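Undergrad: For the protein sequence lines, the chains are A and B, in the order given. The working numbering applies: residue 167 is where the first sequence begins, and numbers increase by one. The working numbering applies: residue 4 is where the second sequence begins, and numbers increase by one.
Hints in this document: simulated from the structure, not taken from any laboratory. Predicted, not measured: the structure shown is a model, and the values here were computed from it. The reader is advised that the hints may include incorrect statements.
[To be verified] So the derived list for chain A, only partly shown, Cβ under 10 Å to chain B, looks like this:
no.: 1; residue: Tyr179
no.: 2; residue: Asn196
no.: 3; residue: Thr200
no.: 4; residue: Ser207
no.: 5; residue: Gly209
no.: 6; residue: Phe212
no.: 7; residue: Phe229
no.: 8; residue: Ile230
no.: 9; residue: Asp264
no.: 10; residue: Gly265
[Claimed, not checked] Cross-link-like lysine to any residue pairs, in silico, SDA-like; alpha carbons within 25 Å at most:
no.: 11; chain 1: A; residue 1: Lys270; chain 2: B; residue 2: Leu42
no.: 12; chain 1: B; residue 1: Lys12; chain 2: A; residue 2: Arg243
no.: 13; chain 1: A; residue 1: Lys270; chain 2: B; residue 2: Glu106
no.: 14; chain 1: A; residue 1: Lys220; chain 2: A; residue 2: Ala194
no.: 15; chain 1: A; residue 1: Lys270; chain 2: B; residue 2: Asn62
no.: 16; chain 1: A; residue 1: Lys270; chain 2: B; residue 2: Gln40
no.: 17; chain 1: B; residue 1: Lys60; chain 2: B; residue 2: Arg114
no.: 18; chain 1: B; residue 1: Lys60; chain 2: A; residue 2: Ile275
no.: 19; chain 1: B; residue 1: Lys60; chain 2: A; residue 2: Gln215
no.: 20; chain 1: A; residue 1: Lys218; chain 2: A; residue 2: Tyr179
no.: 21; chain 1: A; residue 1: Lys220; chain 2: A; residue 2: Pro278
no.: 22; chain 1: A; residue 1: Lys218; chain 2: B; residue 2: Glu106
no.: 23; chain 1: B; residue 1: Lys60; chain 2: A; residue 2: Thr267
no.: 24; chain 1: A; residue 1: Lys235; chain 2: A; residue 2: Leu246
no.: 25; chain 1: A; residue 1: Lys270; chain 2: A; residue 2: Arg211
no.: 26; chain 1: A; residue 1: Lys220; chain 2: A; residue 2: Arg243
no.: 27; chain 1: B; residue 1: Lys60; chain 2: B; residue 2: Gly31
no.: 28; chain 1: B; residue 1: Lys60; chain 2: B; residue 2: Asp32
no.: 29; chain 1: A; residue 1: Lys270; chain 2: B; residue 2: Phe67
no.: 30; chain 1: B; residue 1: Lys60; chain 2: B; residue 2: Ser5
no.: 31; chain 1: A; residue 1: Lys218; chain 2: B; residue 2: Gly31
no.: 32; chain 1: A; residue 1: Lys220; chain 2: A; residue 2: Gly181
no.: 33; chain 1: B; residue 1: Lys12; chain 2: A; residue 2: Ser178
Note that beta-carbon positions come from the ideal geometry of N, C-alpha and C, so glycine has one too.
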Amino acid sequence: LAKTTQPISMDSYEGQEVNITCSHNNIATNDYITWYQQFPSQGPRFIIQGYKTKVTNEVASLFIPADRKSSTLSLPRVSLSDTAVYYCLVGYSGGGADGLTFGKGTHLIIQP
Amino acid sequence: DSGVTQTPKHLITATGQRVTLRCSPRSGDLSVYWYQQSLDQGLQFLIHYYNGEERAKGNILERFSAQQFPDLHSELNLSSLELGDSALYFCASSAGTSGGGDEQYFGPGTRLTVT
Chain A
167 LAKTTQPISM
177 DSYEGQEVNI
187 TCSHNNIATN
197 DYITWYQQFP
207 SQGPRFIIQG
217 YKTKVTNEVA
227 SLFIPADRKS
237 STLSLPRVSL
247 SDTAVYYCLV
257 GYSGGGADGL
267 TFGKGTHLII
277 QP
Chain B
4 DSGVTQTPKH
14 LITATGQRVT
24 LRCSPRSGDL
34 SVYWYQQSLD
44 QGLQFLIHYY
54 NGEERAKGNI
64 LERFSAQQFP
74 DLHSELNLSS
84 LELGDSALYF
94 CASSAGTSGG
104 GDEQYFGPGT
114 RLTVT
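For reference, chain B alone in the conformation it holds in the complex (with noise of 0.2 Å):
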C-alpha cells in the first residue's frame, strides 16, 4: 500500500460526457502527479501540482483540468469524452518539488472506460 487512494476504481461512461478522478496524496506529500496509461501509449504525464499550485504540464488535452485543494487532494476533471479517453489514470505523489529526482508513490489508479 502506496499511502496513495484513488477515487472512484473504476468507472464506464458514455462518449461526450464529463466525469472527475479523485486523488489523496501520502500523508505530508505536497507534489500530486496526474498520468495517463493506454496500450499503446505507455505511461504519460499529464500534469503535476505543487502545495495547491501548477508546476507542470504534460501531453494534458484541453478537455481536461485538474486542480489541487488546500487540503492537497486533487482532482482530474475529463470532460467531451471521447472512446480514446479510455485508460488507467494514475496519481502520484512525492513529499519533494518534482521533477525526475523525487521518489513517487503511485495511487491504484481508475480505470475509465468511455462507451
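If we strip away everything but chain A, and leave its shape as in the complex, we get (with noise of 0.2 Å):
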C-alpha cells in the first residue's frame, strides 16, 4: 500500500502561487515529510522537510495541519523553469525501504 498520494499533473502560469498536496493518511508518529524536483534526466534534488506546521526555506514552503495526513507544497510566483516533477515522501531516518518510494510524482507544467 502507498504511503503517499499526489495529483499525477498540474499546470499552472507564470507568476502565480502553485500548491501540490500529498496525501499521507497511514503517517506515522515519527515520520518526517519531504519534497524533491526533479528536472529531465536529472537527479531529484531536495526542496524542503518538515514534521508539523508550516516551513519555509528561500524557494518553497510546506504547510502540514495538525493531523499530518496531508501536506501542501507551495511555490511562489512560479517561473518556466519551476516545469519538473514533484515527489513527496514520508518516513524517518532509519526506517526502511517504505520511507524510500518515490512513486511517480505530480507532473508541474507551467506556462507563459
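Starting from the two chains in their separate frames, assemble the complex, guided by the hints.
TA: Next comes the structure, spelled out in C-alpha cells:
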C-alpha cells in the first residue's frame, strides 16, 4: 500500500502561486515529510522537509495540518524553470524501504 | 553539483551481458542508495547501504546485486541484462541511517541502454 498519493499532473502560469497536495493517511509518529524536485534526465533535488505546522525556505513553503494526514508544497510566483516533477516522501531516519518510495510524482507544467 | 559522482555516464551493452555501475557518495555520507528510473515505472528504489551493511531492499531483481566498500563507494552489478533493464540508474547519499527522513543527495545518473 502506497504511503503517499499525489496528483499526476498540474499546470499553471508564470507568476502564479502553485500548491501541490500530498495525502499520507497512514503517516507514523516518527515520520517526516520531504519534497523533491526532478528535471528530465537529472537526479531529484531536495526542496523542503517538515514534521508539523509550517516550514519555509528560500524556494518553497510546506504546510502540514495538525492531523498530518496531508501536506501542501507551495511554490510562490512560479517561472517556466519550475516545470518539473515533484515528489512527496514520508518516512523517518532509520526507517526502511517504505520511506524511500518516490512513486510517479506530480508533473508540474508552467506556461507563459 | 550534489557532490555525488557516478560512472560511467552512459553505457551501451547487449542482452545477456553484465555491467557494473559505480557511485562515490558525498564526503562524510555513510548511506548510499540506488534507484532505477525508466519511462513507464517512475523512480524505483532498489537498495540501500549504510557504512558497508545492507539496510533496506526495494524492487531489486535477483540478477542485480550491490555492495558498499570500506571507502564507502558503492557498486551496482547488473547481470543477464534484458532490454527492459534499459533505464537511468541513480545513486544517492545521505548522512543519516536512511528512511524518508534523511535529505538525499543524488548523482547525475548512469544511462544504461541494452540492445
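Undergrad: Are the hints correct? Go through all of them and say.
TA: Taking the hints in turn, this is what the structure says about them:
no.: 1; hint: Tyr179; in the structure: violated, 26 Å
no.: 2; hint: Asn196; in the structure: holds, 8 Å
no.: 3; hint: Thr200; in the structure: holds, 6 Å
no.: 4; hint: Ser207; in the structure: holds, 7 Å
no.: 5; hint: Gly209; in the structure: holds, 3 Å
no.: 6; hint: Phe212; in the structure: holds, 5 Å
no.: 7; hint: Phe229; in the structure: violated, 18 Å
no.: 8; hint: Ile230; in the structure: violated, 14 Å
no.: 9; hint: Asp264; in the structure: holds, 8 Å
no.: 10; hint: Gly265; in the structure: holds, 3 Å
no.: 11; hint: A:Lys270 to B:Leu42; in the structure: holds, 10 Å
no.: 12; hint: B:Lys12 to A:Arg243; in the structure: violated, 34 Å
no.: 13; hint: A:Lys270 to B:Glu106; in the structure: holds, 19 Å
no.: 14; hint: A:Lys220 to A:Ala194; in the structure: holds, 18 Å
no.: 15; hint: A:Lys270 to B:Asn62; in the structure: holds, 15 Å
no.: 16; hint: A:Lys270 to B:Gln40; in the structure: holds, 10 Å
no.: 17; hint: B:Lys60 to B:Arg114; in the structure: holds, 22 Å
no.: 18; hint: B:Lys60 to A:Ile275; in the structure: violated, 33 Å
no.: 19; hint: B:Lys60 to A:Gln215; in the structure: holds, 23 Å
no.: 20; hint: A:Lys218 to A:Tyr179; in the structure: violated, 29 Å
no.: 21; hint: A:Lys220 to A:Pro278; in the structure: violated, 29 Å
no.: 22; hint: A:Lys218 to B:Glu106; in the structure: holds, 17 Å
no.: 23; hint: B:Lys60 to A:Thr267; in the structure: holds, 11 Å
no.: 24; hint: A:Lys235 to A:Leu246; in the structure: violated, 30 Å
no.: 25; hint: A:Lys270 to A:Arg211; in the structure: holds, 15 Å
no.: 26; hint: A:Lys220 to A:Arg243; in the structure: holds, 18 Å
no.: 27; hint: B:Lys60 to B:Gly31; in the structure: holds, 23 Å
no.: 28; hint: B:Lys60 to B:Asp32; in the structure: holds, 19 Å
no.: 29; hint: A:Lys270 to B:Phe67; in the structure: holds, 22 Å
no.: 30; hint: B:Lys60 to B:Ser5; in the structure: holds, 24 Å
no.: 31; hint: A:Lys218 to B:Gly31; in the structure: violated, 29 Å
no.: 32; hint: A:Lys220 to A:Gly181; in the structure: holds, 22 Å
no.: 33; hint: B:Lys12 to A:Ser178; in the structure: violated, 34 Å
Checked against the numbered hints above, the structure violates hints 1, 7, 8, 12, 18, 20, 21, 24, 31 and 33; every other hint is satisfied.
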